[in-house]
Each structure stands twice: as C-alpha cells, then as structure tokens.
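Those protein sequence lines, which keep their order, are chains E and L. Going by the numbering used here, the first residue of the first sequence is number 20, and it counts up by one from there. Going by the numbering used here, the first residue of the second sequence is number 305, and it counts up by one from there.
Do not rely on the hints blindly, as some may be mistaken.
[Claimed, not checked] Short derived list, chain E residues pointing at chain L, Cβ under 10 angstroms:
1) R213
2) A240
3) L247
[Unchecked claim] Far from chain E, by Cβ distances over 12 angstroms, these chain L residues were calculated:
4) A382
5) A527
6) V557
It is worth saying that the hints were derived from the structure and are not from the lab. Backbone N, C-alpha and C define an ideal beta-carbon position, used for all residues, glycine too.
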Amino acid sequence: MAAIRERLSGMDIAELRRRAAWAEAELFNLGITFTVYSEKDSIDRILPFDLIPRIISAREWSHVERGVKQRVAALNLFLHDIYHDQKILRDGVVPADLVTGNANFRPEMVGLDVPGGVYVHVNGTDLVRDENGRFLVLEDNARTPSGVSYVIENRHMMLRVLPDLIGDAKLRSVDAYGPQLRAALAELVPETARRGYDEPQVVLLSPGIYNSAYFEHVFLAREMGVPLVEGNDLFVDEHRVYMRTVAGPRRVDAIYRRLNDDFLDPDVFRPDSQLGVRGLMEAWRRGQVVIANAVGTGVADDKAIYAYMPRIIRYYLDEDAILDNVPTHICREPEGLAYTLDHLAELVVKPVGESGGYGLLIGPHASSAELDDFRGRLKADPANYISQPVIKLSVSPTLCEDGIEPRHVDLRPFAITGKSTWVLPGGLSRVALRKGSLVVNSSQGGGSKDTWVLA
Amino acid sequence: MKEGVAFVSDRPLHLLSRYAQSIVWLARYMERIENLARVIDVTETFSRTGAAGNAWRSVVQINADEERFFERYAHADARSVSDFYVLDRDNPTSIASMIMVARENARTLRPLISTEMWSHINVFTNTVRQLRPADIGAANISGLCAMLKQQCQTHWGITEGTFYRDQGWYFYTIGKYLERGDQTTRLVDIKYHTLLPGDAAIGSAADHSQWNAVLRAAAGYHAFRRAMPQGAFNPASVAGFLLLNNAFPRSLVLTLRQVYGALNQLRTDYSLRGSEGCLERLDELRAALADQTIEQIIIRGLHEFLDWVQRQLMFLHDDIANAFWRPRPMETTPTGASAQQSLAPGSMTQSMGGMTQSLEQVGTSQVPGQNQD
C-alpha cells in the first residue's frame, strides 16, 4: 500500500487531470451513462469518476466479507421465517406490527417456498467507517441494489488510464461477478423444473431502455452471458415461463429481475403494469422458475427492521454481528426513548416509515426551539422513531479543483447467494465530491472510485 | 495435456424476437442515412450543372414526403430540402431523426452488439446532433454528405469486424440489403421520373452528365465502365446496371441475392421455418427481375416498375416481421412452430415513402417502472 502511495505522489496534478479528462471522455463515448429524459431530449450523464482508488487491505476485507455473508444469511432466514411460521415475532424479538404492518410486507408471499430458501440473491450492504476506522452498516439493500456495473467498469477504466499506478500490486479481480450471478441462479433451479442435460436458461428482466439504470442491466446481461428481456418478451403458459424468440417460444428457468415488485405480475400486483409478466407469480409458486430477488424482501431492508438486525443475527445464527450497526436507539423501547430525549442535541433522529431524509432531526444543527418541538413529537409517537449518533465519516484522497483533498466515502459490497454466498471483492465506493459534504448520491454531486482489495 | 475446454451446449440460443426487429431496423436506418446522403449529394451536383430543374423537389417526391414538406417550406430548394432531410428533428425522415432512432435501437441491442459498434454510434450521433445550419450551406453540403457516408461505412466496417455471427448477423444482413435495394430504386427514380419529363433532352449533354452523377452517387461509375467499356450513359444502360447487374454491390439484383442468402441461412443453419414464406415471396420477385430486360422494363414504364419493386420489398419486410417478431396467437407447446400466417400487410405499406419503424411497431410501453434502491 505504501508503494502505491509513493507512486501516486510521484505523479503531478496536471498529469492526473489529463488522465481524469481522458477517463471521462471514455465513459461518455462508451455510453456508460445514466439517462435523464426531458420533454424533447435525452441527456446522458456519466457518474463522475475519481481517479484515485480507495484501497482496502486483505485483513480489513476479510472482516467485511465475513460480516456481509453473516448478514445475508440472517436476512434470508428472517425472510423465510416471517413468511412462514413467524417464530421471531412470536418470540417477541421483533415487534410483529413492524413486520406485518410494514408496507413492504407482501401477504402474497406467506407460505410460498422459494427455491433453496433464498430470498436475497443479490444484496448490497452500505458501509461507512467511523473515526476509529471501524466499518459500520448504514443500511441493507435487499431489493434491487444497483451500482455493481460501475465497480467493474471503474476497474477497466483504471487499468486503461492509470496502469502505472497499480504497478506490481496484487489486486483481487472483480471480473467474476457476472458468471457468479448466473451460476447462483442456475444452481437454484429445482430438480423438478430441470430439463435433462440442458443448462438452465437464465434471463435478466429489465423495464427497458427508458429506465435510468438500463446501462447496468445491459452490462450485467452481457457479463452473465444471458438475454436481456423485457416483460413483453416473456409469457407464461401452463405455469411455465417462455421467452419469444425468432424460433418460437423457449423455456426460461431463472429470472434476474430489475423490476420492482409492484410491476412484476399484473395478475397479482399493479394491474396496469405493462412491464411485467402475467402469471409469473403462480409459475414461481409452483416451483417452475427462480425469481431473484424474491418478492417482499423490502421488509427486511427497511429502516425499522435495521435497528433490530443485531438481534436478528443473534436469534437465527446464535452469533454476534461481525459488522456493527451504527448504534441505534429504538424509541419504541423505554430505555431508547429516555436516552434519545436526554441526548437529543447530539443525535440524528429518523422516522422509520419515511425514506429520503424526510422528517429527520439533526440534533447538532437544530435550534433549541426545533429541539423542543421534536421532543414533543417523539413523546407523542415514540414507536415511529429511531436515533443514532452523528458519525464522523471516513475520508479518502480525491482529485479536486485544488489538488488532492480528503472527501467522504462510503462502500457498498455486493453479495451473491445461490447455494452459498459469494462477495465481490471491494464494492462500490461512492465519494461526496463537494467539500465537507456527506452526501454521496449521484444526484447530489456524488461520484465513484475504483475500490482495490489487496490480495 | 490438460483439458481446458468445458462442454458447451451447441443447441443454438435463439434470438429474442424483439432483438431481431431492432437489428433489422438498426441496419435499415444506417443504410438509409448513407443513401440519403448520397441522394442529397447527387442532387447538389445536378443543381451545380445548372440543369437542376426540379431536382430538389424530386428528392421530396421519391421519399413521398411532399405533404409534410410543404407544410413547412414554400419551395423545394437546396436550403429547404437539406434542412428538412439533414437537420430537422421534427421530420422523422431526416438524418438527425434517423440517427436518434438508430441509436435507440442500438441501445435496445446493447446486450448483443459489440462495445465498438455502440461506441461508434454514440460518437456519430453526437456529431450529427452538433450540426448547425451553416453545415448545410452550399459550400459545405458536399463535404457533409461525404462525412455522413463515411460514418455509415465506418459503422458497417465495425459491424463486419466485430458483430457476432449468429442469427443476429443474418437479421442485420437482411435489414441492410432490403434497405439498400429499396434505396437504389429510389436513386434511379430520382433521375428518371422527375428530372427529365420530356423526351427532348434525352441524350443531351445535361442528360449525360446527370446519369454520370447518378452512377457516381451510387459509387458505380468505375464499375459501370468496367462492365460496359463501350456503354453510353443512357437510361437503359445506367438503370440496367443499377438494377440488374449481378456484381455491383448496390444493384437491386445483388441486394436481393444477399437478402435471400441470409434468409436461407436462417432456414438451413438454424431451422427457422419462418423464413420459408419470406423466401417464397423473394423467389417471385427475383424471378420477375430475371425475366425481363431493362428495355422491356422501360417500355412498360420504369417508374411504375420501381414503385412495384418498392411495394414488393415492403411486403417482404412485412412477411419477415410476421414470421419473426409480430405477436402471434400464443402457442401452447414450447417447440410447436405456429402455422405460417399470411397476415395482410400492415398499414405502413400504404405509404410509398420508406418504411419507418414507428409505423411498423405496435405501441410499446414506455412506463418507467422502477426505482433504484
């Protein structure tokens, strides 16, 4: 790692900038873009790419990897339980209303047996590091986590524009993601649905070219070597799924879908959906197809459930969580509420039902009137809130206007689960390019970096 | 020795119907852009020889765009026609519009086409997007047409060198040559039908130079000379060459042979039975061409003949669409090939202009259906 640092400091800023400009032009010409549609035009934007890699040592990575695997195992066991016997609710570990009353809880899933008991085939775990360098889980993304294409493209870009930085450093490769995902889905196809010697047919189901993540869908379909299909390409006949080809219908055994639950099957969910496939849920229920990720996983990555994840891990696996949560106080519990009320000025308080930062209180930035007001709301409806300390996010060196400066980063490792779980070495490092900003989202001035896991 | 090769099923992965449709249209639009650039270029040459007559108007006519054109412009001249066919993004038959549609198709095909194809189409699209009115001025139009032709040829070169040779390749070939054949008939038509309404000028110096220009627009001048060292430039020799020559890459006969070859490969190599009906129609069309000389065609009426060919090509496109991608009544068995349907040709065949994808397509949904985590 020291050698890499030395090589980096040997490069002057003008040279780095020249290469950064080259990288951005490449990304644009390759169409590695997300698309913003206006009335008449479509604007393709690239996700800004920072040239300076974020480096993770082998030891640090092995800790993250074990922690992610543990978390995925617990999420799958939890989902199976809440859609079957609901032991964890009956044992009072997680309040039943948080689960069954959750908007993301899908009654259609109750009693449905998914192949291999896997609900979360692809999981993205958002991590941050605190001021002590400890990795903490910020949230789970168990629905349709996106961004993995940037991980792989960033590495390719890095090898093209900055090959001299890597030198003789041994990096863990990121190329296996596509084959791993295809294999994971194929191995879950039940024996009863297999057709002799043929390899199971896996497809990727996309909402189509107007979806802002279409590039990633294409990228993954190519990496997996499977057809990218849209809803209209598929149909269900006698509970079997087919795709329409120039030779007539062909069987489909597993679907990696990048379509929300709501749109998946107009027979079961939104009847106006033209993006989904009629009869798909019933085919799934009868074990004729693998669908990844399963429907109804949104209940597990919800903010309300997040607070319980350390207990969920202990409940199913009888282990302590390897990766800690950001310390979270559950206000529906008396001690959590008392602590929150006592330390309100130091805490971030979040309503559990909302997303996107609505109704949030950032204690250190609030006036005393705002604090008083919030205290009232907390007491009136404590069950709706959790609180967390303000985390001082770690930073990573980043090429900025005034040279190389520290900027806040997070990390999203991607885990693939078939009969076992595999974690892509590294993950998506997002960086807040604005000085002092903690927001890494691409819509708000965020960019990404290549993430190097040293072998 | 180590055995390093895993067993791979040789059962072909059949192309999604939707991809077949997009490939055909990508190929058609790229070919059409090239040919439109050729037509504009040759018309510009006509007008420089001073014998333009209504040459610019004829461009609008052969594309059957009169109605839409004259809604926007009072006169068909170099400026208005170039604007309409190069820059005007409200005109679906302009190069600016067609490159966007080509790119949308390429976007749909991203999982299939090579990164180099995609990257070039992006660069080409951005070049066309940046064209300004000054670029179609008299001083620049010829250079612009040359650039457009070259970009299309680059696309084809990249495609030839990088596009995987499976069913998709044959559909690309079908689209490309169907379009090229259609465009060749239009190029012949522009000269014959509209430039010289009266017989008086036939054989004149202007007539001679215009046939010469048509040949050059089709990049056929030297080939023509080689094939007919003593041949004079007259309607029979030039139209005959462009329509019936067996070796010229833009001749109608040759393009049909290419389409036939691709359809036949789909039938034999991939057992795609849908090819059969298409091949039948193509057989008839090729037989009709083989049965008559250019003199006979001219006596019966060249323009009428070209119209007829264009209609046959539309029917053929329709047959292909019906066989490979139009929604069919649902088959109940996975392998049961549906009976070949002879659906009536779709509405687009009523238009005498080039077919467009939007007319062919059954409305597809464009509802964005997903929020990312």
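Hint check:
no. : hint : result
1   : R213 : violated (14 angstroms)
2   : A240 : holds (4 angstroms)
3   : L247 : holds (4 angstroms)
4   : A382 : holds (27 angstroms)
5   : A527 : holds (35 angstroms)
6   : V557 : holds (27 angstroms)
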